[in-house]
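*Asks:* Put chain B on the given structure of chain A with help from the hints.
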Amino acid sequence: MNKLNEKAAALLQEGTVKLIIGYEQGTEKPRPLFCTVPEDASRLIFNDQCKNNLAVYLTKKEIIGDEKIAVIATYYVMKSIVQLDKENQINKDNLIVLTVDSDGEVIEFNDYQEMEKYADEHVPAPDPKVVAMLEKIDNMSREERWAYWKSELTKCIRCYACRAACPLCYCNRCITEVNCPQWIDPWPTPLSNMEWQINRVMHMSGRCVGCGACAEACPLDLPIGLLTKKMAMDINAEFGSSDDGNVLSTFNPSDKENFIH
Amino acid sequence: MEESNDKFEPRILAFVCNWCTYAGADLTGTSRIKYATNVEIVRFPCTGRIDFMLLLKAFANGVDGIIVSGCHPNDCHYTSGNFHARRRWIVFRDMLNFLGIDVRRIRFSWVSAAEGAKWAELVNETVNQIRELGPYTEYQKAAKYLEEANNHE
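Here the protein sequences line up with chains A and B, keeping their order.
For what it's worth, the working numbering labels the leading residue of the first sequence as 1, then goes sequentially.
For what it's worth, the working numbering labels the leading residue of the second sequence as 1, then goes sequentially.
Treat the hints as calculated values from the structure; they're not laboratory data.
Coverage of chain A stretches by chain B, computed from C-beta distances (three or more under 8 Å per stretch; other residues unrestricted):
hint, stretch
1, 190 to 196
2, 226 to 232
3, 248 to 260
Remember, predicted model here, so these are calculated numbers, not experimental data.
Heads up, the beta-carbon is just placed ideally off N, CA and C, and yes, glycines get one too.
Next up, chain A with everything else stripped away, as it sits in the complex (with noise of 0.2 Å):
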């Protein structure tokens, strides 16, 4: 039993919180663990293949109740709990946050800023298959970046696993479920894919962590947390890191005009 374990099942024991939120290994990768009696602590695990975002389940109220919740974090389920605390969206008074170092030691976060800190300091490599992606798109001429999406979203079938596997689209009413106007076709045609995906990323502007947890629930594997990272790293650019969290919800009278004729 390793550190992880015992620390799960005293918490449990103590009675300090009702449930864990962890990984446990899945047939062929690690997978979500929700953890209420001491006995499937045992079960926890944490290691680099944990990929799942478990921060998906805070805003979910059918899962973590009104009770005492622990979370077992890795970087990006860090960096959504800051993302989501700054859109309070989490209550902080029922949360733990616990991540597991190199060294396979707990550490219990006591506060937020305390959390922010530790997950600056242990920022994962990007994906090398991503950022060679990304710059095969960028030097691609503009009809052929146009054919290459349209091609690829076309397989799109609207299961909306993206939308469900993200931490940060908890809207009760999705724009892609108005009805009245139907802003986007319900059924998956070339163009309502792409709509639904260019909604989806700009809702997403200046608040992605860059989990890639939407490319990693895609059934049909589409390339879609190229287009979240895509949009991160344009914002970087253009308009550093905001404090509030939402670019796009305030404005720099500064911003670039050089489009604007």
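*Replies:* Relative to chain A, chain B alone:
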């Protein structure tokens, strides 16, 4: 099927704000300045109200070019609507460009209520530019996917 460029009359949709550009366009008319008739104007309370989906819907419905125009910075009737809009366009333009949508077809501008001549010039320039680019069949084809598929059989 492709119309030759000298016969092609571009369809332009202009999204303008009520307080500056709409009044500016009105001034163009009252000043008896002649300009291209290819433009249809949609009036909005503020540039901040112009949702990016409206631009996409315009393209999907067969528009070849779009003009988006409002008050100059610091002149907004609602103080900061145009500043917010500008940010949105910066992000939106980058996104469209990454997806391979032709951003040359969207023309952003500031036209004040006193700039009737600038409005005429803006429309003429945009019409000429879109005339050179030709009809935006790429996007319209994607919009008419079902029709295309039926014709194919």
